[in-house]
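A.B. asks: Sequence:
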Amino acid sequence: MDANIVGKQVKIFRKQRKLTQNELAARCNVRGVDISRESLAKLETGRRQVIDKEVCILAQVLGVNNSELFPRS
Numbered sequence: 070m071d072a073n074i075v076g077k078q079v080k081i082f083r084k085q086r087k088l089t090q091n092e093l094a095a096r097c098n099v100r101g102v103d104i105s106r107e108s109l110a111k112l113e114t115g116r117r118q119v120i121d122k123e124v125c126i127l128a129q130v131l132g133v134n135n136s137e138l139f140p141r142s
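In the working numbering, the protein residues as written are 70 to 142.
Heads up, some of the hints might be wrong.
Claimed, not checked - Below, simulated DSS-like cross-link-like pairs (lysine-lysine); rule was C-alpha separation at most 25 Å, straight line: (1) Lys122 - Lys80; (2) Lys122 - Lys77; (3) Lys111 - Lys80; (4) Lys77 - Lys87; (5) Lys84 - Lys122; (6) Lys111 - Lys77; (7) Lys84 - Lys111; (8) Lys122 - Lys111; (9) Lys111 - Lys87; (10) Lys122 - Lys87.
Hints were generated in silico from the structure; no laboratory data involved.
Taking the hints into account, I'd like the entire structure generated from these sequences.
C.D. replies: Shown next as structure tokens:
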């Protein structure tokens, strides 16, 4: 299993909503999560772990439930 299962889901939902990484990062920053485009890119490719607060804000910005960021096996 990948160390970061959330990143792939974030990328899927971001693309479905036609958001760039810059736009998603900016929307997260407004909500109090300091994340850069570079950090978001690393998260989406599994090279960076996600913290709990980021999961909550990413879900909020993407308009999904937190659980939707965790794929079912």
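A.B. asks: Sort out whether Lys77 lies within 25 Å of Lys111, counting only the CA atoms.
C.D. replies: holds, 11 Å
A.B. asks: Check the hint pairing Lys77 with Lys87 against an upper bound of 25 Å on the C-alpha distance.
C.D. replies: holds, 15 Å
A.B. asks: Is Lys111 within 25 Å of Lys87, Cα to Cα?
C.D. replies: At roughly 19 Å apart (the allowed maximum being 25 Å), Lys87 and Lys111 satisfy the hint.
A.B. asks: Would the hint linking Lys111 and Lys80 be met if the CA-CA limit is 25 Å?
C.D. replies: holds, 11 Å
A.B. asks: Taken at face value, is the distance from the CA of Lys80 to the CA of Lys122 at most 25 Å?
C.D. replies: holds, 18 Å
A.B. asks: Holds or violated: are the alpha carbons of Lys122 and Lys77 at most 25 Å from each other?
C.D. replies: Distance of about 17 Å is within 25 Å: holds.
A.B. asks: Within a Cα-Cα threshold of 25 Å, do Lys122 and Lys87 meet the stated pairing?
C.D. replies: Holds, at about 23 Å.
A.B. asks: Against the 25 Å threshold, does the CA-CA distance of Lys122 and Lys111 hold or violate the hint?
C.D. replies: holds, 17 Å
A.B. asks: Below or equal to 25 Å on CA atoms is what counts here, so check Lys84 against Lys111.
C.D. replies: Given that 25 Å is the threshold and the Cα spacing comes to 16 Å, the pair holds.
A.B. asks: Regarding the pair Lys84 and Lys122, is the alpha-carbon distance no greater than 25 Å?
C.D. replies: This hinted pair holds, its Cα atoms lying about 21 Å apart.
Hint compliance for this structure: no hint is broken.
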